[in-house]
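A.B. asks: Next come the chains, spelled out residue by residue.
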Amino acid sequence: MTDELILDENRFFDSDPPTRAIARELYEGVKDLPILSPHGHVEPRLFSENKPFPDPTELFLIPDHYLYRMLYSQGIPLEQLGIPKQDGTAVEKDHRKIWRTFADHYYLFAGTPSGVWFNHELYVLFGIREKLTGDSAMRIYDQISEKLALPEYLPRALFEKFNIETLTTTDAAADTLEQHQKIKDSGWKGNVIPCFRPDAVINLMDKNWRQHIAKLSKVSGIDIQSFKSYISALENRRAYFKRMGAVSTDQGIFSPRTHELSANEAETIFQRALQGKADVTDADQFTAHMLMEMARMSIDDGLVMQIHPGAFRNHNQLVFDAFGPDKGSDIPVQTEYTHNLYELLNKYGNDQRLTLVVFTLDESTYARELAPLAGHYPCMKLGAAWWFHDSIEGMQRYRQSVTETAGIYNTVGFTDDTRAFPSIPARHDLSRRIDSNYLAGLVARHIIDRSDAERMSRALAYELAKNTYKL
Amino acid sequence: MTDELILDENRFFDSDPPTRAIARELYEGVKDLPILSPHGHVEPRLFSENKPFPDPTELFLIPDHYLYRMLYSQGIPLEQLGIPKQDGTAVEKDHRKIWRTFADHYYLFAGTPSGVWFNHELYVLFGIREKLTGDSAMRIYDQISEKLALPEYLPRALFEKFNIETLTTTDAAADTLEQHQKIKDSGWKGNVIPCFRPDAVINLMDKNWRQHIAKLSKVSGIDIQSFKSYISALENRRAYFKRMGAVSTDQGIFSPRTHELSANEAETIFQRALQGKADVTDADQFTAHMLMEMARMSIDDGLVMQIHPGAFRNHNQLVFDAFGPDKGSDIPVQTEYTHNLYELLNKYGNDQRLTLVVFTLDESTYARELAPLAGHYPCMKLGAAWWFHDSIEGMQRYRQSVTETAGIYNTVGFTDDTRAFPSIPARHDLSRRIDSNYLAGLVARHIIDRSDAERMSRALAYELAKNTYKL
Amino acid sequence: MTDELILDENRFFDSDPPTRAIARELYEGVKDLPILSPHGHVEPRLFSENKPFPDPTELFLIPDHYLYRMLYSQGIPLEQLGIPKQDGTAVEKDHRKIWRTFADHYYLFAGTPSGVWFNHELYVLFGIREKLTGDSAMRIYDQISEKLALPEYLPRALFEKFNIETLTTTDAAADTLEQHQKIKDSGWKGNVIPCFRPDAVINLMDKNWRQHIAKLSKVSGIDIQSFKSYISALENRRAYFKRMGAVSTDQGIFSPRTHELSANEAETIFQRALQGKADVTDADQFTAHMLMEMARMSIDDGLVMQIHPGAFRNHNQLVFDAFGPDKGSDIPVQTEYTHNLYELLNKYGNDQRLTLVVFTLDESTYARELAPLAGHYPCMKLGAAWWFHDSIEGMQRYRQSVTETAGIYNTVGFTDDTRAFPSIPARHDLSRRIDSNYLAGLVARHIIDRSDAERMSRALAYELAKNTYKL
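Chains as they are written, first to last, in my numbering: chain D, 11 to 481; chain W, 11 to 481; chain S, 11 to 481.
So that you can see chain D by itself, here it is in the shape it has in the complex (with noise of 0.2 Å):
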């Protein structure tokens, strides 16, 4: 019958009898192994409240752009999907008339990473086993609804099943890290960490940097007047965050240049800006400045660095002008990394205190530019393969495109990145799958033997992120 959705033990191996089976148990190997999820953007809130998650279009839908991205592109408006809008202007509220709009469109997904980990989600998280279609959408909706009011779907229920060992959050410099102290004051065990993310207090052509700096002023409790209390404002923060358990900092940042500046120059950039004067070039001048200080502050504090440039955020002005951004067209863009991270790795990329874990989305400089550094510098790691590139094919140009220069020991294992929380198995899932066939392919070819894909195999799945992100 084919409305049956089934998820076959197999699946993602490659089909050849030889590499299949040698993957398949390499997996079997790993995929009981505790999730680390040393990077994401799951809210904290979540496990501090413990509240049941709302209906299935709240919980998988409307915060997903992943998802809406694709029906947008094939002409539905993000008003008929209920993306709320910036102006509080109607959009559509009945869930379910929205979830039959997903449903009818669901097959737009077949080939990719969403349509593979949503029918995870399906199967395994909510024991669904038919189709997601127009047909079933009713039906299906119904399921996971009954599911989601029962206390072993509550986020720390799903959390202590999903095995995770740790979870990091994305959290604001200015921020207070109120939710994740209430989760400590709970007595609740999960391990959920905040990561330092200072992007709103660096990038200086974000419209509110002055609110954010006022912001970060308060809670750090120094007055920001000049660059040198604006650095002393952040050294505070990333003490107050490695106090509350962090172990990263993360930048998203548009080009990947370092340079440091004089300390005068630093300084009359940074007064311009909080005069609201400014200008691109001061801008991107800041930020490979700040590049430069963050790599020496997580040298005196033992934070690992991760940077995530290359994404032109809201390429759609008109998306983004009626609701906000994160609503799926930022769109990447070629992205150099041997002359723009020389500084940086020149001036701290001999020093074992420094860890730097770095991301890209232009996939071409994996073999050309990234890889090599990795495979020199001691500091430089390589983050997993990222956001459109997290995926099956993704994973494994990754790995054929880095492994032969850097080796898997200067790369990070895996990170799921996700807002999603109730996809992190799904996606683990996938990345261990993918990972046991690439090394049963090298296995199958007689590049390793089998006690060294056993060992890469853990590492990849589990030891790589323990050991990169000290957890």
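Keep in mind that the hints were calculated from the coordinates and are not lab data.
Hints may be right or wrong, so weigh each one.
If chains are identical, the list can't say which one is meant, so a pair holds when it fits in one copy or spans any two.
In the PhoX-like style, the derived pairs of lysine-lysine whose C-alpha atoms are separated by at most 25 Å in a straight line are [claimed, not checked]:
(1) K480 to K192
(2) K217 to K337
(3) K95 to K357
(4) K252 to K476
Once you have looked at the hints, place chains W and S on chain D.
C.D. replies: What follows is chains W and S alone, placed relative to chain D:
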């Protein structure tokens, strides 16, 4: 016997048995679907005149720069291959001798799509059962020549035999479409439609631009003295093309940069061009502006807009001077889409009346820029793997790079883009086989199921082209 | 037993049985062909002196930045690996201890070509049957040391055992080729020939450029006071190299930009350089001009011209200052060929007396720029997958990206490019296996037939190098 020409029924499918078996079944389901050829360079005169094809050399080699460029790269002068010179000086006239030279070097094409297509034509169309070599050259020449004299090898008969539902030609903006009119008048039912290609009247660096404008004035009946009248003339011609059956426009451009000029700026550049004084910067600005204008017009009249950027035309000046354009020395360059399409997509990209089909010669943009753009903007579709990438490996890289982000429904099916009419079935057969094999790989790895694959298979072979081009 | 070192006879072949069977048969047909090594960095002194190799650490590790850069990336100081310092300060001298450190970290190379080559050397050359680990380290050290003392492990004996037909070294323009002369004078029949590499006298940014010019003056007997006498001196040396057996030149350049200066411009820059006043722009212009000059000279004297662009040399200044060049911190950059080679190809590209072999570190140019250029211009051939891309996946990407546009006959066969003499058979064996496997995949998918594959297999393993380099 090693000189036997064999077309294996499982050709181009992966050799592992599970994938191959599924690929074969998917292929069987689409192999006999009618051919839609919504973009190509076949001469309409072929069908208006319906004369017998000349000899094999003139049929296959002399018009096909895919073939003779390879021989040229190995040191065979183009004169020796009968390629006519611009100055009319003598070139080899003995077509049997040229054929022999071609056959002697045919081994160069092993592993290339030209070799694969050509073998298909020999085998299927002409019933040849031995490989083309120096030894077999003249026997094959004679066999083909014999066939070409038969009525069932006339262009219209082949069109019907090939099961072509629609064939789109490419026609200059100032073309009278006289041949298309003749086809209509003849009462023959073959659906051969024009496509509006305004490159010659848009590219200010074209040495004959003013002559093209004069011609455009004449055919449109609009005296082009200003940018405004120029636009009117183009609108006039688009309307005429549409009445003659056109569903699309096409633009070959160096860069896909889009930028709207003020009315004043556009007029100033246009006047400089009319005086023969436009420079490279003018030309770039003008093209960027005309991409905006073409999108606007497409919203008005519904013609699908196609752009083909990224070729450095006539890279070999010596060959260009001696033999003219399109002689195998167009070389791709790196191409940028995220920034370049920004203005157009922001002004028109959310308008569902627009269909913008974007092609590329720069595969590094598939996963990085084009799939994310096509996977978000309602107007945008990604054109098929094009030119150098219209090949077995090229198509596979395309699907593997694009599908996970954009799905298949933001792509447009296959475009043969050929000048070589007899190669059309070979090219569509190849494409259907490769797509079947791609989908089979997804099924074998349980990424999609069999019913998904069957639906997607029909879409790739037929429906996507039909829907995108409104055929 | 997992610590056993096994070299499977089907290694590196795809695991699906049909492809593997064909790959194996193709490989059997070429595995014993003589080795042509037309480009590499083995010291000629090895063969003029024919002394026993020193201990395993000095043989394998200390000269091979492929190996120690990986250990450095994981935090092992280069001093601890015995890499000599520029200032002569102490580094680890205990070669057994260094070997143990290497062995302890040898697992890092799993899945890398270094690991594959090294295992081949251990197994085939030294008869080792256990994997290199901390546990086996000293046993293996002793076994190798024992062998190295035997006469059949002397360089000349190995040269013959390896079945090397021709080995090309790389030699500075001002080199006296004294070692090559000694080899000739010795009466030994091994064909070791020089290659003319003028980088040191072309790169105006080289701090010792004037000393190199002085040396060039001396060896050529031409007092270099002008650009003209400089060119005469180069021509003089090329003629000398040619008399000494050279068939080629080689240039390592940052950018492949070609541009002819006027005689005046060239002279002006040259005079500034002689006065130590040339700047970066001068240097770039000079290199661009010298590429034109080198092509002109190759047309005159028939030496094959090779260019190797795209490496940012000595990216890690700290490592460079302490340990000198070639220590594993050369990092590739994006490289452009279509525009950059325009002038050279337009002036000399249609001249069949020129053979220009172009290498790249930027794989994104394979299908986009290099294959189309090599598939058109008679002079141009595409060099083998180079350096970081001289690997199993790298070679496969190369063939898959290049063949469909350029065929195999516009490529030049395998180039081992190694400093590590004992690794030569391992590298050629790997290359022959990967090419056999690539061709087997084409046969299994019926893209080519078996007789095509056999012909192409011999071409890739032997004939293309022989023909290109006129050996």
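A.B. asks: Would you mind marking each hint as holding or not holding in the structure?
C.D. replies: Results for each hint:
1. K480 to K192: within (24 Å within a copy, 58 Å between copies)
2. K217 to K337: within (18 Å within a copy, 46 Å between copies)
3. K95 to K357: between (46 Å within a copy, 20 Å between copies)
4. K252 to K476: Classified as within; 17 Å inside a copy, 58 Å across copies.
Checked against the numbered hints given earlier, the structure satisfies every one of them.
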